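These protein sequence lines map, in sequence, to chains H and W.
Each step along the first sequence adds one to the number in this note's numbering, with nothing skipped, and position 123 is 134.
Each step along the second sequence adds one to the number in this note's numbering, with nothing skipped, and position 102 is 113.
Calculated from the structure, these hints are not laboratory results.
Honestly, I wouldn't trust all of these hints.
Stated by the list, open to error - Here are the simulated BS3-like cross-link-like pairs (lysine-lysine), alpha carbons at most 25 angstroms apart as the crow flies:
no., chain 1, residue 1, chain 2, residue 2
1, H, 144, W, 81
2, H, 81, W, 144
3, H, 191, H, 178
4, W, 41, W, 53
5, H, 41, H, 168
6, W, 144, W, 191
7, W, 191, W, 178
8, H, 48, H, 81
9, W, 249, H, 249
No experiment lies behind these values; they were computed from the predicted model shown.
2 protein chains.
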Amino acid sequence: MNYKCVVQYEGTRYQGWQRQDSTENTLQGKIEAILTKMCDKKVEIQASGRTDAGVHALGQVMNFHIETEKSPEEIMAYLNQYLPEDVAVISIEIVSERFHSRLNARRKTYCYRVLNSTIPHIFERRYVYQLEKVMDGMQIANMQRAADHLVGTHDFKAFTSTKKSRKSTVRTIEKLQIEKVGDELQFTYIGNGFLYHMVRIITGTLLEVGMGEKSERDIPVILEAGLRERAGALAPAKGLTLMNVEY
Amino acid sequence: MNYKCVVQYEGTRYQGWQRQDSTENTLQGKIEAILTKMCDKKVEIQASGRTDAGVHALGQVMNFHIETEKSPEEIMAYLNQYLPEDVAVISIEIVSERFHSRLNARRKTYCYRVLNSTIPHIFERRYVYQLEKVMDGMQIANMQRAADHLVGTHDFKAFTSTKKSRKSTVRTIEKLQIEKVGDELQFTYIGNGFLYHMVRIITGTLLEVGMGEKSERDIPVILEAGLRERAGALAPAKGLTLMNVEY
């Protein structure tokens, strides 16, 4: 049977989603070890995509093929029993044999949270990046105008840390919206897929626009040039959360 | 000058507010050490009240008398620079010499958060007590009816862990409301002051009413008898947050 699960995690303690060697603390490694123990047979899981070290997820999606007499509810309970307290499976369903979390993903939503205040938010500190230079409405509007240049289908080569590769760096951003929510600036990204570090580099670049270090008009130039060094700094991982994946 | 500050903290790592001997990790001890260093002179702080080990605060109030050339903003910045990331001063003001955080407190609001779901909430796990037996609307209504018996001025002797003492155990609860917010049950307590463990014992007792282990009608009997052993279990510290203090 092929099982599809929605997984939440706080990424703080983890070296990202993807299993590496056994000394690394990864989410994939952790979850696979539990399923392998449950099935007494090596289990591999697929996720909608990797998340980097320190990145969180409210709605990561994974799937795995196993044979078991347990009901889906029992599998979920087993996983949650053995998972550490910063990871949880929040839903499980049986899906068609052909379902693949990564290949069938149609749309992903990420949220990057910036605490735009000189005062820390104790309870949210692990999930937001605190930017102490407080931006006003005009600066936020500048960022939104800069962001608007990135919506649509573009070659995002300048906005990824991937080493040279023949793979396409063309992606489509459906929506890139910056909202002020209390003391936070929330950057919502919706798209069909994102390159390595893409959301964090775009966020870092937009923040530089907000702070006046770059201009809104630099964005089309950076896109066109396709050079990573022209774009802004990589925003810290802790502000980023994978919100959901649609199929 | 007398300074009044609003302080936030995540109580997880602390052995409560009150300074004990120097080996203990307390909030009062931590903050006093920083102010003492800043002033090069022993500083003592007063809070609106102690919070127990593991209890959080969004709006604890403290005050202290110091002589300094720093502006209030500079004092706050100094504190936040040296405070660990789970404590923050979020406001500061100069108040009259006679202001006393504890003696002048007129009203306090506490919130006890219960996650009423079989599914953990990763991002809130440090701030909620997870009760896996999910309650329905009727059970919540039973708890609210039980809570209504406690509103008003009563002798809350049965609902405190204080050892025998001649001090009055009469307190006034202005409001005790249970609301379902998403998967959470939020117990809001407003009153002029609360006895040691009072909010947590009342919450534990109300949860037992919700689960059918006690009846709504037991509450007046427990109040009348004034015996701690008749009331319910002490609810865990992690679910409790001091929301604000009014003067």
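Taking the hints in turn, this is what the structure says about them:
1. H:144 <-> W:81: 22 angstroms, holds
2. H:81 <-> W:144: 22 angstroms, holds
3. H:191 <-> H:178: At roughly 36 angstroms apart (the allowed maximum being 25 angstroms), residue 178 (chain H) and residue 191 (chain H) break the hint.
4. W:41 <-> W:53: 13 angstroms, holds
5. H:41 <-> H:168: 32 angstroms, violated
6. W:144 <-> W:191: Given that 25 angstroms is the threshold and the Cα spacing comes to 15 angstroms, the pair holds.
7. W:191 <-> W:178: Violated, at about 36 angstroms.
8. H:48 <-> H:81: 14 angstroms, holds
9. W:249 <-> H:249: Answer holds: residue 249 (chain W) to residue 249 (chain H) is near 23 angstroms, not above 25 angstroms.
Taken one by one, the earlier hints fail for this structure at numbers 3, 5 and 7, listed in ascending order.
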